[in-house]
Amino acid sequence: MVKKLMKGNEAIGEAAIAAGVRNYFAYPITPQSEVAEYLTWRLPEVGGTFVQAESEVAVGNMLFGAASTGKRVFTTSSSPGISLMQESLSYMAGAHLPVVLVNIMRGGPGLGGILPSQADYFQSVKGGGHGDYQLIVLAPSSVQEAVDLMILAFELADKYLAPVMIIGDGMIGQMMESVEFPEKYRDESNPDEKDWALTGAKDRKPRIVKSLFLNPEELEINSLTLDKKYREMKKSETRHELYKVTGDTKILITAYGTMARICQTVIDELEEEGISVGLFRPITLFPYPEKELFAEVIKDNIEYILDVEMSTGQMIEDVERIVKGARPIDFYGRTGGIVPSPNEIKDKIREMLKK
Amino acid sequence: MVKKLMKGNEAIGEAAIAAGVRNYFAYPITPQSEVAEYLTWRLPEVGGTFVQAESEVAVGNMLFGAASTGKRVFTTSSSPGISLMQESLSYMAGAHLPVVLVNIMRGGPGLGGILPSQADYFQSVKGGGHGDYQLIVLAPSSVQEAVDLMILAFELADKYLAPVMIIGDGMIGQMMESVEFPEKYRDESNPDEKDWALTGAKDRKPRIVKSLFLNPEELEINSLTLDKKYREMKKSETRHELYKVTGDTKILITAYGTMARICQTVIDELEEEGISVGLFRPITLFPYPEKELFAEVIKDNIEYILDVEMSTGQMIEDVERIVKGARPIDFYGRTGGIVPSPNEIKDKIREMLKK
Amino acid sequence: MPGIRIDKEYCKGCELCVHACPMQIISMTKEINLKGYFYARLHEPTKCIGCRICAITCPDVAIKVLTHGTRFALFEY
Amino acid sequence: MPGIRIDKEYCKGCELCVHACPMQIISMTKEINLKGYFYARLHEPTKCIGCRICAITCPDVAIKVLTHGTRFALFEY
Amino acid sequence: MDKQIEVVFAGFGGQGVMTAGQLLAYTAMEEGKQVVWIPSYGPEMRGGTANCTVVVSDDRIGSPIINNPMSACVFNRPSLDKFGSLLRKDGLLLINSSLIDVKSGRDDLTETLIPANDIALKLGNPKVANMVMLAAYVAATDIVSFDTLGGMLDKKMGKKKELLDINHRAFEEGRKLIETIKA
Amino acid sequence: MDKQIEVVFAGFGGQGVMTAGQLLAYTAMEEGKQVVWIPSYGPEMRGGTANCTVVVSDDRIGSPIINNPMSACVFNRPSLDKFGSLLRKDGLLLINSSLIDVKSGRDDLTETLIPANDIALKLGNPKVANMVMLAAYVAATDIVSFDTLGGMLDKKMGKKKELLDINHRAFEEGRKLIETIKA
Amino acid sequence: MSNDANIIFERPTAMSDRITHYCPGCTHGVIHRLVAESLDELGLRERTVGVAPVGCSVLAYNYFNCDFMEAAHGRAPALATGFKRTRPDMIVFTYQGDGDLASIGMGEIVHSANRGEKFTTIFVNNAIYGMTGGQMAPTTMPLQKTTTSPSGRNVELTGYPIRMVELLSTLKTPSFIARVGVFSPMHIVQAKKIIKKAFRLQAENKCFTMVEVLSTCPTNWGITPIASTKWVASDMEPYYPLGVFKDYEEGEG
Amino acid sequence: MSNDANIIFERPTAMSDRITHYCPGCTHGVIHRLVAESLDELGLRERTVGVAPVGCSVLAYNYFNCDFMEAAHGRAPALATGFKRTRPDMIVFTYQGDGDLASIGMGEIVHSANRGEKFTTIFVNNAIYGMTGGQMAPTTMPLQKTTTSPSGRNVELTGYPIRMVELLSTLKTPSFIARVGVFSPMHIVQAKKIIKKAFRLQAENKCFTMVEVLSTCPTNWGITPIASTKWVASDMEPYYPLGVFKDYEEGEG
Ligand SMILES: Cc1ncc(C[n+]2csc(CCOP(=O)(O)OP(=O)(O)O)c2C)c(N)n1
Ligand SMILES: Cc1ncc(C[n+]2csc(CCOP(=O)(O)OP(=O)(O)O)c2C)c(N)n1
Ligand code: SF4
Ligand code: SF4
Ligand code: SF4
Ligand code: SF4
Ligand code: SF4
Ligand code: SF4
Ligand SMILES: [Mg+2]
Ligand SMILES: [Mg+2]
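For the record, the sequence lines run as chains A, B, C, D, E, F, G and H. Each residue of the first sequence is one higher than the last, beginning at 623 in the working numbering. Each residue of the second sequence is one higher than the last, beginning at 623 in the working numbering. Each residue of the third sequence is one higher than the last, beginning at 464 in the working numbering. Each residue of the fourth sequence is one higher than the last, beginning at 464 in the working numbering. Each residue of the fifth sequence is one higher than the last, beginning at 5 in the working numbering. Each residue of the sixth sequence is one higher than the last, beginning at 5 in the working numbering. Each residue of the seventh sequence is one higher than the last, beginning at 146 in the working numbering. Each residue of the eighth sequence is one higher than the last, beginning at 146 in the working numbering.
Isolated chain A (complex conformation):
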């Protein structure tokens, strides 16, 4: 496998191609426009097409149509654009469609700014659209992981027939890092074998892809089917990473995405000062690695939890819920496009230790 130095946005595009995607729909928005700029010329090389939609509302609904073919399809956008897809996301979840969406988050609320942010945790993890549904949410912390999670995203989408969202802050999209692509990856999913895909009612009954169930009993069954999937995901699909969590660790940091990388720098530097801090990095934000986090948290040596986010505090609600009062939880966050520096976090930790 050759290593390439690639911009995150382009690597995301290339990863989709590696995963067998030939159809991409998007609307320009900073800081993710390079995905479209890359796939504009790259997709035709592999016989695919990119449609520049008129809006993100249209993108979400184009995805609905495209996914109904049974082929792998995806989009990329950034915070305000993702807000405009909420209705369609609810529709796709309700209709059991496998699609992948990437949110290269920027500062909000509103038009906000274009610099890195993690303020869309609530939106993506709790479901910004209406009704009882969830997205599978994955959070890469490097360009390489973005590539790996892209491929995983398509597999999970196909496995669970559910929309999967990858959220990364602007750094994930904008930075260049070295990446490897799986050379022999093959999309094992075959549209013709999908018993729900719309391939024409030839020698079979018509199929319908829909989220409408006017009969409440049927609608409840649909919601319970969804609920069952989510329970299954919670059992089988959680992913996380521990960094320097030892028997001495007093403070456990919870952080995801690029923020977790910055915390690694903090942990390394504090280690040199003799302060043992560990990191719990959820990779799946939904399903959240709940049992895994709880198991770490209740270890005797852990005294505090410190949740660090590029937001005013969103994931912390899940951490609080999971920790169930077992340990005190503190928070450090910066927002608006400001990336917390290792020094600020170290100061915060030193202050905690004084208490």
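These aren't lab readings, by the way, just hints derived from the structure by calculation. Beta carbons are placed, not taken as given, at the ideal position from N, Cα and C, and that holds for glycine. There may be inaccurate statements among the hints.
What the hints assert, rightly or not - Some chain H residues close to chain B (C-beta under 7 Å, calculated; not the full set):
id, residue
1, R156
2, T158
3, L187
4, R192
5, Y206
6, N210
7, C211
8, D212
9, M214
10, E215
11, A223
12, F228
13, T231
14, R232
15, D234
16, P319
What the hints assert, rightly or not - Dumping the calculated DSS-like pairs for lysine-lysine here, alpha-carbon to alpha-carbon at most 30 Å:
id, chain 1, residue 1, chain 2, residue 2
17, B, K946, A, K921
18, F, K163, A, K976
19, G, K290, E, K163
20, E, K86, C, K493
21, D, K527, B, K824
22, H, K351, G, K290
23, H, K338, H, K351
24, B, K857, A, K970
25, D, K510, D, K527
26, C, K471, E, K86
27, A, K625, F, K86
28, B, K872, B, K806
29, B, K806, E, K160
30, B, K968, A, K851
31, G, K317, H, K375
32, F, K86, D, K493
33, B, K851, B, K946
Once you've looked at the hints, dock chains B, C, D, E, F, G and H with the ligands against the given chain A.
For chains B, C, D, E, F, G and H with the ligands alone, coordinates are given in the frame of chain A:
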């Protein structure tokens, strides 16, 4: 004060007029279309106007413009329509605009059905749009309370310069109950005194209503200003109601809106059987009455919490977070437009008591 | 001899066929079908010219047109 | 005598005025302003007819036009 | 009267079931009761059927939606099919026998046949079948007094004297019918 | 070399700062280092300024955004103003003295004046000022070897022989300049 | 299909035998049949995907014998675009009401037409929001009473009805765009020809095709089915002239 | 404003004295000035509210001396509608780019125009998404290179450029709709007249008014400002003819 028998949707419209509203923007959707049908003729009687927008996306943005005048304005919609307003909600929160929105929820996800549901708790309470913001969320359980909360909503919106959402299931909109309107209510808010309202740059510097802050320091300040408001709300604006919570109560039900009413029937009926069950009904879903709930929960006599929702379980995450493991929490929910009957809930409780 | 068959359970009693038939030979019954509609019937079967106009007009595709001769083509459809 | 004043800090060196001036009396300096642009200047002030064309053209409103006579109106604007 | 009574009015669109329910709700409110009126606005909306539920109670009303109501007035066959089976044990079922020629088939209900359309037709206006039925229901249950009901009719219908008259006569017929049966 | 080195290239759009940074990143990667290249894509985008940061490390790189970088190559005055003050204590600042006639005013930095545009102009193409600067930076820090750097240039620039030549010569000049200063 | 040579008119194969939920006399049913007949006659049913809108025809998928998707309100053209770009070998049509297409879905239809997406749109203009109980649509006639224009549409406040066919015909991208009626047998026959042509052009991979159909809503108009068809002829047709407005084949496209 | 009788051209009062963030030679600046001059000359500044779009002119509020709102991408006409309906005594204008108005904001502009909302839209068509780095817009010319049409806009796949003025002129609701250019002094003078008229009609509470302005984007077009103005004349104007397309005052509205 005269009592009137009125349909919830119409009472909501009339309550807005009582609160001084003269401008309403909406798009038809079941089960809330009667608000527009009522205000279409009623507003002109008081010198106001209703604009039927081309879409809910437009509605959200019309509200942005209308609220910028400093006058009281509002809309009503239902689940899919609310999803389409997420971008504008994020913008209005970010720009500190006081607006009121009513969501008469229906079954979801997707097109779903049109019968009563409470599956938009996550969307409204956790913020369905992008970025660090919250809505104030109020949940009436009767037509009268819908009227009262409408008036409160406008006051809170003005006080905090923030969007307020009222969520009710389809029953709130569709049923007729007797209501009273405050006869002498006066909108004390004067647009000319609002130092942010756009009234023309005459003898003063231009004003700008915006959520854009390209400079990350400024954007962070805006987010922190928002955060401060939310903290203040959490301190001062929580509202809840207890029903038959006594020193004997073994099981505490958490439920909101019409669901809570049904639980009252359950509680009354079980009381006759000698089983003491109490109800904690949050009226503000954001800010959630956290301290108040926790205080009830940890009383010695409480053995279980039962969260009851017309959803597959959304508010329960907040309940779990707040209860912090202090008591076991069970859940009963129906979804898809099915309203749980008192009997089902009683069965659930009896089953819990067997354990 | 041409003729039509009205499936009464499909009929919703809209009367559009009654109005459309050039021979004015369709009328409404006084009976209701399962859905509660007074349905249409051909009251003078012998006069039917098999023009298909009633069938073309019916929003509920309740009418079938038959002929015992060759395929009729008063107009292209 | 008419004339123009170019505020060099507003000028972004786009050269549109240079191109537009009917008298061809504006040109670019070799100096840069604070923003790093080579700015425009009037190199033959005496020839200026005060037609305002340069000012009308300038996207950065960097140009003011003056006259010592009455208000000039070569064209309505 | 029970602490809480629920009744469903169900029929084709146009048979006036919503109005009948609302009039009952207004009347009960006038008599100081707690009331909830709720229409069905579900998937059955299209296709011409309509129904509403009225809950009348001395106390604050819990659930506004009643899965198994205590009583029903059914105006057409599909409504009988639906609510005949949903009624609570020992419930009351009033059947518009002008249009329905069967019964619920249950033996745990009180079933009464009301030829509402025939009576209305006799009165000269088929549209008042709903009022015949409403009066029969009121007479059968004493849920409200006929005085208040009549007064409410005057208040809500106002103006049109002629129409008022025939409605009042419909009340009279419905009431008489039940009294005959009771007697 | 330090365990981790960060350098910012900053100037007007069109001065080739992005390319210079990328070439350095490619080269360091070729030498087996961990690298991150990240452009500024912030509010300063419009108005002609541009900059990028390159982080080179032996280990896995933590934060890709560096608030206070260790070194900077500034190509114009606004960039000096911005990064002059952000640099870490004891940092390295290379100033394009062809366009900037001041220094940072700090006394805790190593500041070196590189008349990059003048040299490029002498070489016959003002566009290679970025390569002069890059070479000077590499020479000053030994962050990568000139061999790998030259090889990477050939690889990335490919085809155009002429252009390649002048770029190589720009490397040479930048390197010599630093050697003269060092010597 | 029955091989009985004696049957000269019957339910098309592309239509299911379910009884529709439409109100008596509502011409949605006629339009469904015309689409189904076209699919049958062109032999397209087995590779066709329909897109149902949000509106009275939300359940259209129950009445056709082909694959279907159910779109969000107004977004059927986006679904069709996504599907057709991914499976250009299939036939795709959207079936949309006037609220769906001309109000909330304005952006999607204009842009799909302008990109020249190769699907067919059947646009059912009944001058009202049928499904939600008769609110004003962008196509509601001046002075027409609806639940949100109870004293008649006031053009001073709400503007004039939008003519989608005329609006889309200004686009330079080649297309086939027409308006037909189903308010008399003669008009139905003509409508059939044009709808069939739209599908044929799609099958030949030519261009975007859209047929607007003037339809009725007896229920919300509050008049009988027959009075409804008369109102289309007397009030709607003069404002919404019938005809082919852009024809790819005649180079006007 | 200075009272010096000798000054025959200077910065209008309705414009702030901030240096804009626009690229050198970008005609956004000229258009800003024309709007500001119109407000000054009509005496409207003190009761005017502008609506900034999302696009290069996202910071327009910094450059005008009047109240402003910042809209979501494409939704400026909705904000303007909401504002103007609530305060009909004020003057409201939107300032929108081609991506903003003709792409994502298609629904909002068509419906605002059709409802006859009494505000003014300044529509800056530079045939590209400037702000986001030069992607294709709905108004991008055939074969024009952009970052999402690197080998030139392919009309087979993406359709032809949309002419908003022509499209909106099909609406029956009275309005004032025109297209102007700012690529030469003569055109600027003409543009000024038309923009001023649009504001006057609004001030007289007459109708919806929109002026499309052919503008430049030297940065993303990758050519000099002067070459840019020439390209507008040679390539854009023939496709986007200038003139008043609908004039309320001449009854064509
Ligand atoms: C986002 C959203 N908004 C509103 C609705 C409610 N709604 C359902 S159908 C409809 C209008 C239907 O009118 P039309 O498209 O004209 O179809 P018709 O019923 O007349 O055939 C509306 C507004 C919805 N389902 N989703
Ligand atoms: C919902 C949403 N989608 C996308 C964007 C990103 N965006 C910012 S400006 C812009 C396009 C601007 O182009 P145009 O309107 O033509 O204005 P110009 O910059 O050319 O003046 C886009 C797509 C956004 N901010 N919000
Ligand atoms: S086929 Fe023609 S003549 Fe026969 S019943 Fe039908 S319309 Fe009348
Ligand atoms: S047209 Fe059809 S539905 Fe209508 S009356 Fe005739 S047969 Fe019945
Ligand atoms: S006013 Fe006229 S003549 Fe004078 S510099 Fe300007 S353009 Fe040239
Ligand atoms: S037009 Fe204005 S900005 Fe351009 S060069 Fe002339 S003075 Fe400078
Ligand atoms: S409501 Fe109108 S459009 Fe809908 S089915 Fe009934 S008649 Fe047809
Ligand atoms: S990018 Fe284009 S439109 Fe934007 S300011 Fe620069 S030249 Fe003007
Ligand atoms: Mg319609
Ligand atoms: Mg543009």
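query: Do the numbers back the hint for F228 of chain H, that is, is its least Cβ distance to chain B under 7 Å?
result: The hint holds - F228 of chain H has a Cβ within 7 Å of chain B, the shortest such distance being about 4 Å.
Tell me if the interface restraint on R192 of chain H is satisfied: Cβ within less than 7 Å of some Cβ in chain B. 4 Å, holds
Checklist entry - Was the hint right that R156 of chain H lines chain B, CB cutoff 7 Å? => result 15 Å, violated
Is the hint on C211 of chain H kept, meaning its closest Cβ partner in chain B is under 7 Å away? 5 Å, holds
Holds or violated: K851 of chain B and K946 of chain B, Cα atoms, limit 30 Å.
25 Å, holds
Holds or violated: K351 of chain H with K290 of chain G, Cα cutoff 30 Å?
26 Å, holds
message = Just to be careful, I want the Cα atoms of K806 of chain B and K160 of chain E compared with a cutoff of 30 Å; is the pair within it?
response = Holds: K806 of chain B and K160 of chain E sit about 26 Å apart, inside 30 Å.
Checking one constraint from the list: CA of K471 of chain C to CA of K86 of chain E, max 30 Å. Satisfied? 23 Å, holds
*asked:* Does the closest beta carbon of chain B sit nearer than 7 Å to the beta carbon of Y206 of chain H?
replied: Because about 5 Å separates Y206 of chain H from the closest Cβ in chain B, which is inside the 7 Å limit, the hint holds.
TODO: For the hint on T231 of chain H, just tell me whether its beta-carbon gets within less than 7 Å of chain B.
DONE: This hint holds: T231 of chain H lies near chain B, its Cβ roughly 4 Å from the closest one there, short of 7 Å.
Quiz item: Close enough to count: is the Cβ of E215 of chain H nearer than 7 Å to one in chain B?
Solution: 3 Å, holds
Legend entry - Straight-line alpha-carbon gap K86 of chain F to K493 of chain D, limit 30 Å: Holds, at about 25 Å.
Checked against the numbered hints above, the structure breaks hints 1, 2, 3, 15, 16, 18, 27 and 28 and satisfies the rest.
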